[in-house]
Structures are given as C-alpha cells and as structure tokens.
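**Student:** So you can see what is in the structure, the chains are spelled out below.
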Amino acid sequence: MTGLRIIFVCLVQALLVCGYYEKLDLRPLPRNALLASFSFSLSSELAPSVRDITHYGIFPRSVGQIIKSAHAHEVHLRFAQGWWDASEWGSLPEQGEFAGGTGVEVWAWMEGSELAEAERRWYELVNALSGLFCASLNFVDSTRTTINPLSFSPSSPSSSDKFLFHGSLPRETVCTENLTPFVKLLPCKGRAGISSLLDGHKIFDSKWQSMSLDFIPECTYRGCRLGMSQKINVVLDVLRSLERQNHAPVPIPRPVERLMCDESKQYHSSEKCFPLPTAPTVKYKISDLFGKSVNSKCALEQVDDTELNEFGENAGYNICAHITGAWSLSRQGGTVLSSYDTRACFSLVENEEFNLSFDTDNTSSVSPISHAPVHIQRSMTGRGQQHGGIQTIIRNPSSSSDISVIYYEVLPWYMKPYLSSMTTHVSGYSSFDPVQKILYKPFLERVRGTYLEMILTIPAASSLTISYDFDKTLLYLAEYPPDANRGFDVSPGILRVISSSPEDAYVMRTSSLLLALPTPDFSMPYNVIILTSTVMALVFGTVFNILVRRFVYEEDIEREYRGRGGFKGRLKELFKRKKSANEDDKKAKKIEGTTT
Amino acid sequence: MDEQKRLLNVCIAAVLLRAAISIGFPAIHGILDQRVELTTASTSFKQLREGLHLYRMGVSPFDGGVYHQAPLLILIFQALDGFYGSIAPNSLAINVVYCVLDVLCAWFLVQISTSESFSGRKKLDSWNIAAIYLFNPLVIATNLARSTAVFSNVLILAAIRFATYSQFLSVLFLAAASHLNIYAVYLVPPFMILWSPTKAFSNCAVTVLLYAAAFGGLSLLGYFMSGGSFQYIKSTYGTLLFFSDLVPNMGLWWYFFMEIFDSFRPLFTYIFQLYSLIYVLPITIRLQKEPLFAIVSILGVTLISKAYPELGDLGIYISLLSLYQHIFTNVRYALLSALVIIHALVLAPNFYHLWIYLGSGNANFFYAISLVYAIGVTLILTDTLRAILRIEFDGGEEPQKVVVQI
Amino acid sequence: MPLLQRLNRVFNKKGGIKSLISLLPVISVLLVLAGVCLLFVLPMDGQFRRTYISENALLPGQAHTYFKDSEENILRAYREEVKILKDVAESERAVVIEKWINDMGYKAAIHNWSFTHQDDVKSGSNVYGVLHAPRGDTTESMILCAPWINGDNEFNEGGVALAIALARYFTRWSVWSKDIIIVIPSDTRFGLSKWVADYHYTSMSASSGAIQGGVVLDFPGSYEHFSRIEVKYTGYNGQLPNLDLINTAVLISAHMHLNIVIHGVAGTDHEYKNRATTLLRGIIDQSSSGLYKQGYGNEPFSGWRVDAITLKAVMDTQSMPFTQIEYGKLVESVLRSINNLQEHFHQSFFFYLMISPWQFVSIGTYLPAAMLVGASFTIKGIYLWLKATESASGKSIVESAHAFGFFVAILLACAALFTVAGSAPSSVLLPIYGLISGISVILPFFLNKIVERKSESYITKLRSYSLIYAGLVLTTLSTLNFSLALILGLLFFPLAHLVKPSKEVSEVSIKTSVASLVSNAAIILTSPWTGILLYFRFIVCPPSSKETVFPRLITSISVPKLDDFVNGMMWNWRALGVWSFVPILFLVWLPLWISAFVATLIQESKVIEVESVKNGKAGEEKVAVNSEGVEDGKKSDESAKD
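Residue numbers (this note's numbering), protein chains in the order written: chain A, 1 to 596; chain B, 1 to 406; chain C, 1 to 642.
This is chain A alone, in the form it adopts within the complex (with noise of 0.2 angstroms):
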C-alpha cells in the first residue's frame, strides 16, 4: 500500500510542474516478445482547490467535469487483456500498480457526508465514465460493488468524509472502441508524439495488453490541481506482427528455402525439416511492429530539464529501449539523449519523423528481467453444475524472507462459498496458520456479492493453498444474459504484497474464473406454467372432490335408477335431488365447476 502511495507520490512530483509528458518504453523479452510501456501524464491549471477548477488547459475538461460533478476525490480505471506469463517476462511493469486484472476495473475515493450520498455518487460517477469511455461500467451495480477494501488505500492522505468503491467487470472485453476515447485525452489526440503509434489493430494483436488511467488530485501550498496518468503496457509477438507486417495476417506457409531448420539431423532433406525452437536473428523497426512510424514531436510537451531519473539522466526522454549488448539499434529523426548497453534514450524532435530499429542475432538475451515476488493461481475444482470448490495457490518464490499479503476477492451472489468448508496448507507445515486477518460480508441474493478480504503470512520458499467449496444457484429467467452457456464470470482476485518499501510493493491479479451454472430450458414458460398450473389443479379437484361429495351404496343408486326407470326418469330424479341437495351436495357442484 504504502508503495502505491510512493509510487503516486513520485507522479506527483512530476506534475507539480504543470505540462505533459509522454514516454515510451520499449523492452524486448525472451522468445521475441517485446514488452511496449507507453505513459503519458498531465495536469490542470492551479487553483485554490479541486473544486474550483475552472481552467482545465491541457486536461481533458470532459473528465474533469465529471469527477467534479460526482465529487470523486480520486478514480482509477484498468482495461486488461490476455495473460502475463509470469515465468517469461517476469514482474509486472511498474510492480503491477498499473495493470489491471482481466476486463475492466474501477475504483474510486468518493466524498459523501454519509455513505449513501458517497454511494448514489458512485454510480454516477461509473455511468458517466461508461458513456465516456465505451465501455459497459454503468454494469457496476451494487452486486458488484465493495465499499472499502483494504486491498486499495488512497494516494493522498484519506480523511473520513471519503469512501473507496471498487467495481469490475471481468466479462468485458476491451477493445479499440475503449482505446479511441483514451487517445481522445490527450492533447495531441494522437496525431503527434508517441501517441500516434497507437493503433487499434497492432495494439490488440497483442499477448496482453493493459490500459490505466488515473486521476489525483494533488494539493501543495500553491494551490490544488487534478494529476491524470495515463498508461499503455503492451507484450508484442513480434514475430507474429512481423509477418502480419510482411502478408496478410493468416500464417502463410513459409517458403522452403526460408525455413530454419536443424541441418544437424541426419534425416534432413528438401522434404524434411526439423524446425529450430526460435529464430536467433530478428530486425525490426517500431514501424513494423506498430504500423507508422512516430510522425513528430507533440508539441504541447514541455520537457523539464531540471528532473532527473534513477539514471541521473534528464528524464525527459520520449523513447526509450532497454537491451543489451547484442543489440544494436540505428535511428531515424530524434536526437540521442543517452547510450548506453543496457539502455538508449531518445527525444522527439517537432516535425520530424522518427523510428528506431532494433538487430540482434541473438533473441535470447535480454535485460535482466526482474521475477515477481509472489506468484498466485485460482482455478475451479469439482465437476457439474450444482457444487464446486475454488483452490487458490500462493507461492512465495523466495528462499529467505516470509512476505505478508492481502487477498481480495469478490464472488457474484450466485456463488454461494461455504467458509466453513475452507482450508489453508503451507507446503512444508504440518500446522501452520496463514490467516492473520479475515474480512468476510457474506452475499445476499440480488444485493451484494460475497467480499473476501484475508492477510495471509507466507514462509519463504513455500506455497499457500486455500481452498473452499461453494454451491451454484439458478436464476430467474429473465436474468440469464443472452449466451448462458459459455457461464457467468467471476473477477480476478487481487493480491497485494504488504511491505515498507516501494520497491517490494507488488499487486497482481488472478485470471478470472468461468462459472458455469445450470441453466433452464428456455423455451419452456408457458408449458412450465401450463402443466404445473394442471397438477395442481388436479391435485385441488380430487382432493376437494373425495371431501365435499358424499357416499352412497351403488347397489341404491342401482336400485333409484330402475325405479325411476330409465332416462327420463332419471334426469327427473336428478332434477330432484338438486332441489333436495344438502349443504356437501351444494358444495360439491361448486367445487366441480371450479375445477372442471
């Protein structure tokens, strides 16, 4: 927690100046995979307080507006997708404060006198960034809202009066629709800087991708201003792009002579060709992978000289790769801030195009990659539709120190946990009690969701399974979306390691979960209606039918009936009777007619 406050608190630095900023990381990883970090922040004019913000400048005044209007105090938005392998490509950039979970995720400090009023804001809040940002956060009900978890604290000091909401919504898929309105932010609207490399198609085609933005406000003695960060971090196949870059975007057959094979194998011929694991030697310019090159500098950037990165370097760089000595990479346009083996930097220059190709022979070297400190995976046990169980591993990868973390974890009402059924084992502890904290609201049908929240202490070099068993409940027809038998998704978990200093703070998140529930036939109401309406009527009839009517020995019906002979007299005879009908006689016509 304390390292997202840092974190946060370095952005604040840097906006402190009012201006932009744009930056482009670019990293290539093992297996020709390149790890793309775009970053763009800016800030509001100065004014005594957030609220009488009337000069936005260079912010976007349509999100300002908004969180003005929902008095938001801060906002979080994450658009996420594809899966981050852990064990390539090692920690999440920026120790995963920037990326989200699968879908779309959002949270909030609202201001509120009471919880209510903060609440009826939050909806506000997420219906208007919905409209803002095409994507379907006005879904955010309270079913799938969480007041206060501990998992999220604010950047800037909280005070009472502020209430966090956390939403998300791990069905949504993200998409180009989210990223025209991102780009639509910035000032230069992605005509000019880095920002025009952002194209829909190349940015999706992607292994994983994560969008952030945040707003904070931040307050010094010179006065109050709203800080938005925006974030792009993208894993390119950049072997995949390259082709797609070359033909058509289907995998056309290489051409014989330019496969690479293994010559070694005896068997080796014009016909049969051992493939070798990864191409070695790979070119590419940032062209081919993003389709355009840079066109020019932004040229509402204001570069601060007097800043300084970790580096010692003026941090004012728009673009730079981190690689190692069996790289080389040659320029167009720009101008070279810094050279090094393990990292090159360059700046935009206004008007000028620029493009940067990288060249190696050998893919496999890359710079140190730094491995996460805790590793977790969720999946779900057990088998049909009416009961499963959700394991939960933690794995502490460490061999010498124990990490304390938070898990956090919201189920939809339709999955009904059992904390009663959950276990926690450490490997390598016969009895040892993981769980310092437990926070636990269970669900209620149509209200709220089941929350989660444990602080979990793990022994190093060892790994935490949690697991429990939870039922699966039916729905109302009418609330089953539309292709319910792909199954109702469950948002990732959020785990938090809990450290003093910024650079061992980590978040990561699970990957969701796909709940398959039992569905009805729905094409059967009207028979479900008519039918059981037909037992119970039948039910009703001959119960009421045995109650009311009343006994006779046949043999005198037998008898009546010759005496009054034949029909005609028998009518009479029933005629009669009907006069003559005692109170269960009445009762018993009446009964027949409702029932027939």
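Honestly, the hints are just simulated from the structure, not real lab data. Don't take each hint at face value.
As the list claims (entries may be wrong) - Distance windows between CB atoms, simulated:
hint : chain 1 : residue 1 : chain 2 : residue 2 : range
1    : C       : A415      : A       : T423      : 29 to 37 angstroms
2    : C       : A415      : B       : S86       : 27 to 35 angstroms
3    : B       : T114      : A       : E554      : 32 to 40 angstroms
4    : A       : T423      : B       : A93       : 17 to 25 angstroms
5    : A       : S365      : C       : I84       : 29 to 37 angstroms
6    : A       : P525      : B       : A93       : 16 to 24 angstroms
Claimed, not checked - Pairs of lysine-lysine residues, derived as DSS-like cross-links and limited to a Cα-Cα distance of at most 27 angstroms, are as follows:
hint : chain 1 : residue 1 : chain 2 : residue 2
7    : C       : K86       : C       : K68
8    : A       : K68       : A       : K184
9    : C       : K68       : B       : K401
10   : A       : K441      : B       : K234
What you are looking at is a predicted structure, and each value in this text was computed from that prediction instead of being measured. By construction, the Cβ of each residue, glycine as well, lies at the ideal position given by its N, Cα and C atoms.
Place chains B and C on chain A using the hints.
**Tutor:** Relative to chain A, chains B and C alone:
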C-alpha cells in the same frame, strides 16, 4: 412382552445400521447432504454449519443468503459443539443425536398407535410400525444427510403423542416445531380439535394464546441472536415465503418460479402459498371425527404444496399412514401409487445427473419427474382420504358393498 | 365425473378388469416384440432425419486453412523424430516432447499418473502443454490430443507427429479466443482418463479454463496417405458428444471431399442395408464401449461435459487417395469451428443414433424401443403380483413382506459377491470369478431349501419383485445408455417369459415337460457366466475355423486371454468408472438370474405342497386371510416400498 422385545430389537438394529453406514462410509453424509432431493435451503446441514461458523466469527448469519434456518438450531448445535467439540456430520455426538432423534420418532409413533384414538381398531404390531419408520430408506437417507427436518419431525410427532395426554406439552412442542418449520402452523386447526375435544371456546382460546406465546418467545430468541433486530425473520421465514433461494427440489415451485415472467412472480408467490394453505380448514372440518388423520393428510398435502419439500417428509407421511391399517381394506390404488412413487424416486436422481453432471439432458427431465412424484403423492393422499371417509360412512360394517360418491 | 364413475362401475361389473389382467402376459411379450421391430423400422425412410448444424456460431468449413506446403516438411521431420521415440521409454519420450512444445511457446508440463489396486499397478506419464490464447482470458480451452498407442494397439506415429506439427503451426495464428491444450497421453485408457480427472479436480502446474471441446488424432503407422476418415464418438457408459461436433467434422470433410464414415460402414446411405448395419453397429458400440479394453481417445472426456471426437484415419492399402496434410487441415478446421463457439456446446442433440454420417434418429423416435422392452418387464411383474394376491395365501401381508425380504437378501448376497470381486487382487481375479460363479450356481439350491415349503404365491411374488426391479432398472438405463438397456432387455427376456416355475406346472405332460426343458435351457443360457464366456469366445477372441467344432470351442479358450479380459473389465470399472458392465452384471443380472433359478427349483416340494393344501394346512391360513382380507395384499407393497 415378546412384543416389547421385538420392538427393542428393531430399534437396536436400526441404530446399528445407521452407525455402521456412518462408520463404513464417512463421506456419505456429505454426498447425501448435497442431494437436492433430500435437503433443501431450509434443512441443509452444511448450511447450518456455515451459519454457525459465521455466528462464531461475529458475522450475523441472518445478514446473508446462506443460512435460512431457525435461530434455535444454531444455539442447539453451538451447545453441542461446545459440549463435544465437533459437529462434523460423522462425529460421535452428531451420530448419537440423530440416532436418538430417529428412535424417538419411532417411539412416539408406537405410542400414538397405542393411544385411544386407535383403541378397538385393527392395527399393526408396534414393532412393525417402528420398523416401517426406522428402515424406510427415505428416513434413513434423510437422517444420514443430517437434514435438520428431523428436529421438526420429532417435535410434530411429540406434539401428536402428547396431544391427548398433556395439552401443555403438546402446545409447546407444536410451537417449537413451527419455529423450526413454519409449515407446522398449518397443523394448529386439527390440533385444536385434539386439544379441546369439547370445543369449549375458553379452552381453545387458552391453547391458542399459549401457542402464540411460545412461538413468540422462540422468535425473540432470534431477535437477540441477530443483535436486536428482526432481520432473521426475513432470511429464515422470508426465504420460505417468497422463495428467494432458487434451488431445484422435488416440489412444484422451483421450475415454475424460474420460468415465470418477472411481473407475475409476486402474484404467483401469493397464489402458491395460498394454495398450500387452502386445504387446511376443509380437511380439518371434514375429518372432525378423525383429527389425527386430518393432521396426517395436511402433512401429505404440504408434501407437494410447500416451497422446499424433501423426501424425508414422505418418509414421515408413510410412517404415519402405517398407523391406519384398518383403512387399507378400502385403499384401491396401492400398487399403482407405489410403482409411480418408486419410479419417480429412482428416476429423479438419474435425470438430475443427466442435467447437472452429464449435461446431456436439460432441466425439463428433472422437472417432469417432480411432476410425476407430485401425482404419485396425490394418489396416496386421495386414496387414503377416500378410504377413511368410506370407513366413516358405514363404520366399515359392510366392506364388501361397493360405495360411490355423488 | 359421475358419468365416468358410472362407466367405470359398468366396466367392473362386466369383469373388464379381470379380462384385462389375464391379457397382461400376452401384452408384455408383444411389447418386447414391438420394441425389436421398432428398431428395424428406424432406418426406413421417413423415420430418420438429416443432420444439420444447429449452433450457428460454428461456421464449419468457413475458415481458410493454411496448414500446407512447407508445413509438411516440418511434419515429416516430426514423423522421423516420433519414429525414433517409438522404442524410447515413456518418461524420456515425455521429456523430449515437453521440450519441443515448450520451445513453441506452450506452457508444457509432464503429468505422471498411476493407478494402484492390491498387487497391480498401472502407471505412466502424459505430456501436455497450454497455448494461452492471445484473444482470450484463459477461461476456455480446446483439446488437441494424440495418444502414443491408438485404440487398435497400433503405434500412433502420424497422429502424434501431426498433433505436434499442428500445435507448432497454431502458434502463428492470432485468432484463437480459447486456449489450446495439446495432450500426448501414454494411452487412451488410464493415462488420458487420469489426466482429464486431474485437470478437473486438482490445479495442475500448467492449467487453463473450462474445456469446450476436443479432437483426438488417430493416424497410425508410417503411411503418409489414408483411405478415409472414421469418426469415433461413443463415450464410456454410452455417453455421446453433442451431435453438432460430429456434424461439423462431417461437413468439413465433405467440403474437403474427404471420404468420411462412421462405424466402418463404407457404403452409400441410400441403401436400407447400410443404414441398418450402421445403426446396429452403433448400438453394439454404445452398449459395449469401455467394456474391457482401451478406447479410441474420445471416451475419457465423456461425463465431464467435454465433447470430443476421434478422427481415425483408415488405411486400406488398395486405394489411399488422401494425404496427411488434408487430415491436418481437417483438424485445423474443426478446431477453428470450436474456437468460434460463443457458448459451450448446448444446442442440437445429445441423444441420437447415427444411421449414416448424414442421417440420425433422435431420441423421440428411438426411445420407445427401449421403453417398451422395459415396460414389458414391469407389466409382467404387475401381472404376477396380481396373480399372486388372488390366491388365498397370497393375501397374507407377512408372506409378501417375507418374499420381499427374500429378494432383498438375494440382492445383498450379490452385492457381497460384487465387493469380493472388486477387492480381489488382479492375479487371482480369474479364479475368484470361477469361485463366485460356482457360489452363484450353488446358492439357489440352498435358497431353495429355505423356500421350498412356501406356497406357490410366494414364488410368484418373488418373481414379480425381481421383474419389477428389472423393469425399473431398464427404464432408468434407457435414458442413460439406450443401447445397453435394449440389449439387457432382450437378454433378460427369457428370464421373464420362458422361465416357468415348476409349481405352475400342475400335471406332467408333453407340453409341461417341454416347458420345463425350455425354462431350464433358458436358465443355463442366460446365466451371467455363460454370457461372459460366450462373449469372450465369439467376440473378444473369435474362434479360428478349426476351433469351431464343439468340444474344441470350449477347450481352446486361452486362459491368459480370458484373464486379461476379466481383469480389463474390473479395471475399467475401478479406474475409469465404467459402470455399465461389472456393476450391472452383479447388481442386476445376477440377482434376476438367481431369483429365476430359485423359482424353477421348487420341483420336488410340489407334492408336499399339494398335500398340504389338501389337509388343511393352507386351511388355517385361509382363516387368517379372511380376517385380514384384501388390504394385506395392498398393505404389503407399502412395505415393499419401504
């Protein structure tokens, strides 16, 4: 004397059987507890444990959708846990308690059969009656599933047994039963006849007041448990009344309310509740001379008309019918209804399996079987009702004469 | 209402019920015949329907496939490698494959499995890998599976090579919205089943989401060409995959002008003969799937809501027009279709009988066949019950309860035998089986001693219970495994209708002696043990021409083979949960047979019985009866119900 010995042997055998199964297959409790035919939201032992767990944690079990049973049960099992240290479904304490409860039920049944309402009637030997209850697969399964319905059942039987001996106890038992299983309220009218055969108004008033007082007292219990709020009423009785917890069972409700259009749901909720209520008075009135059979029949009706029925109820119903051997002269469809019920009982798990686990069948399969089951129960119900009325008609003097209803 | 009552009364007066009851046996026989006839009506025109794709998202064959040209070079190379691996130990194989698919960018892992029973251990190591879909969120996945050994015990060289080549090729697509899991199990029996089970119950090192569908590759031998594709789809316990999946495969292969068949019937579907053959073979396959040996690879997925099919390339040497690349394209195209799915397979049919790749019979049409057969048993049971309760002694509740208890006792005895067989070590299983069969033959004689003094109605009741039980089981089975229910029904037919308890035979004559002869023959032929032996002799290892003469038919049975067979059955029940044989054998077939057997044995006691009736032994019974009257008969099935 020999009679008594046999009865004793039956009970011992029953206890041994239960113990053997519980020791032999410790997992069976969990498996049966998950059978929707055997346990429901209002009787599931797993949910009871969850409720207790939450209560221990300081989270109100009533503020949430997981626990829909009476507050009293939490207290009972907390005490049990405190006393023995474990309420695992196969732990000794639970085994003992549930065996005792079942044997009590059987004993009450035997007692009832010896009460004067059966005097001078042809009836089965008491050990037969006990056996029919104790070795009824439905009863055994319900017991092994640790369904909490066993508690309300034993209370109802106790209420019947004491109805003619000690009104006071009987009233208390019925109140407790109603606290655990709200549908027991339906039994009040016939019980009124049992309590005050003279139909003296004062007497009736007293008993009713006493009943209300006892029921209220128990309700307060929940009030204090959920920290001075009547929140629990919503989660305990509200769920039963408004059927908010939608889980398949052998009843008529679940699929209907799953498929019905939202705008009509409240209306039909009322209609269904009314439907289960509407039988009470007519049956009571018609069977004034046989109040006990009125109780049995009302239990039989609620079998199909209540929101969360379970097979254990059928077990009790059959056992109670076994007290009435003398009416079987006039039962007509025994074979038919037996076959229908058996087929329903066998096919229900099968179709459920097809729907939930294999995915090759759909919900309609299980629904269809629940309808068949309802019809089977109706057959028994109407057949026995007719039989007893037939006896009442001519005191069973001329069994060979054919009788019709007009 | 009154009118109906009146009619009802008249009907009773005229003795309608009586005549109806007396007709029941005839009816029940007719029902069985009707069921069988219906079966042969199904393949007639108008009875079946043409298949269609009901899940629109599948879009079969719409995607263009690029698995061709230079991909074949790679495929050939993999074939070479696999050829080398053929003689390598399984664990080492796994390591090699793991490295390959790891290098492709899959998250590969080795899954070591083992089944232990007493002295017998089965173990091995599967290798599998997960390709995380660029467009997905790891919540859904598809299976691409190729076992080392295929269903016919051939080395699945082409299949494994193709799977790996395809897996590599798939990494170049970015269209996948579902993860792709490639599984190379050690066999299609234990290895794959354990893998599937573990995938669902434990969280494996490399895991993904819910499996939406799967294709099993079966391309045996070193041929690069094949003659036709055979689709294998029957799962364990007769569980079938969604018809849409089969249709997809058929449709795609039609687009590619591949020759596709099912159940090995190559002929045109215009001929009744071919359709009937397909239907019958289908029924045989469904009823005997997973009986004692390994399957084709799609079986282990059944029962987990995973729809999978095996595409078996059939090589028949005179004409092999199609290439392995076409096979690869077929697989690619099928997976693309599964990838298109928005939801889990749910449209279309899960209950069907194929009568050709393009035509099927849906449940509504064929279910009556099994239902009729099942119903005939129930009806016969009811008839016997009514017959029993007519007689004086039959009205006694005690007798009914006793008879029921007796039947339950038989059931329990069989259950006991079952547990014995289940816990027997594999090495001595065959002897144990011999022992059990011996016991089950002797048992009736002992039981006979208990019941021989009982009246005729007692035996009738016993039979009626057993028949009602049979009817119940068959009705239940017919929804789970239609074919099994049907075949069992025909198998039990003699037990229900040919077996004459000798008590019914009052005076000795030609007719009766024939009847008793028939019934004894029926008893011998329908014994489970005879059944096993016959099945083994004629299906499992059919006799060679010179063995067909009678004595050698028996003597030439090879004991080790029989041992394998029996052990195989037990293993498939134990490890794969194939309940459709061993449990059925012990808990349904055996009790029925024993109770029928007992019924026939009441020979010698007949005379005594007759006398006893003469001198008022039954007389006092009568007295008791009069006092109790009809109700006891009725009462007794209250207790029967309990």
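**Student:** With reference to the structure, classify each hint as holding or not holding.
**Tutor:** Against the structure, the hints:
1. C:A415 x A:T423: 29 to 37 angstroms: With Cβ atoms ~34 angstroms apart, the hint holds.
2. C:A415 x B:S86: 27 to 35 angstroms: holds (32 angstroms)
3. B:T114 x A:E554: 32 to 40 angstroms: Given a distance of about 36 angstroms, which is inside 32 to 40 angstroms, the answer is holds.
4. A:T423 x B:A93: 17 to 25 angstroms: holds (22 angstroms)
5. A:S365 x C:I84: 29 to 37 angstroms: holds (32 angstroms)
6. A:P525 x B:A93: 16 to 24 angstroms: The hinted range 16 to 24 angstroms is violated for P525 (chain A) and A93 (chain B), with Cβ atoms some 47 angstroms apart.
7. C:K86 x C:K68: holds (26 angstroms)
8. A:K68 x A:K184: holds (20 angstroms)
9. C:K68 x B:K401: With a Cα-Cα distance of about 88 angstroms, the restraint between K68 (chain C) and K401 (chain B) is violated, given a limit of 27 angstroms.
10. A:K441 x B:K234: holds (17 angstroms)
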